[in-house]
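S.K.: Sequence:
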Amino acid sequence: MSSEDRVLDVRTEEPRRRHELIFETFNTLPVDASYVLVNDHDPKPLRYQFEAENAGEFTWEYLEQGPEVWRVRIGRTAAAKPVS
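According to UniProt numbering, the sequence shown is numbered sequentially starting from 1.
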């Protein structure tokens, strides 16, 4: 993790609010920027949601994989596609 990575720790957030915060953070990233998501479980379903909604626009790199903490670097590789 570089010293420039923003960290978003969602472990203390209500589960129903987590994905909203994660996508809000991603949507504010400029191209070639990233942040580190910290979670209390494997966010694999979140990755599937990213693939469905942001295919080709993000990177996903596990930095730590449990058993109690997961850290994932999520980066933006392309500008968001315009909404039709």
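In case anyone wonders, no lab produced these hints; they're calculated from the structure. Where hints are given, some of them may not hold.
Said to hold, decoys possible - If you anchor each label on the Cβ, the simulated ranges turn out as follows: (1) Glu-61 - Leu-21: 12 to 22 Å; (2) Pro-67 - Val-31: 10 to 20 Å; (3) Asp-42 - Thr-12: 30 to 40 Å; (4) Pro-30 - Pro-67: 12 to 22 Å; (5) Arg-6 - Asp-40: 17 to 27 Å.
Claimed, not checked - Dumping the calculated EDC-like pairs for lysine to aspartate or glutamate here, alpha-carbon to alpha-carbon at most 16 Å: (6) Lys-44 - Glu-68; (7) Lys-44 - Glu-64; (8) Lys-44 - Glu-61.
For clarity, every value in this text was computed on a predicted model and none was experimentally measured. C-beta atoms are modelled at their ideal positions from N, C-alpha and C, and glycine is treated no differently.
S.K.: Can the suggested window of 12 to 22 Å be confirmed for the beta-carbon pair Pro-30 and Pro-67?
M.R.: Roughly 34 Å apart at Cβ, these two residues miss the hinted range, so it is violated.
S.K.: Under the criterion that the straight-line Cα-Cα distance not exceed 16 Å, is the pair Lys-44, Glu-68 satisfied?
M.R.: holds, 15 Å
S.K.: Lys-44 and Glu-64 were given as a pair; does the straight-line alpha-carbon distance stay at or below 16 Å?
M.R.: With a Cα-Cα distance of about 13 Å, the restraint between Lys-44 and Glu-64 holds, given a limit of 16 Å.
S.K.: Are Glu-61 and Leu-21 spaced within 12 to 22 Å by their CB atoms?
M.R.: holds, 19 Å
S.K.: Given the hint of 30 to 40 Å, is the C-beta distance from Asp-42 to Thr-12 inside that range or not?
M.R.: violated, 18 Å
S.K.: Holds or violated: Lys-44 with Glu-61, Cα cutoff 16 Å?
M.R.: holds, 11 Å
S.K.: That 10 to 20 Å hint for Pro-67 and Val-31 (C-beta), does it hold up?
M.R.: Violated, at about 34 Å.
S.K.: Go ahead and decide if the range 17 to 27 Å is satisfied by the Cβ distance of Arg-6 to Asp-40.
M.R.: holds, 19 Å
Hint compliance for this structure: hints 2, 3 and 4 are broken, all remaining hints hold.
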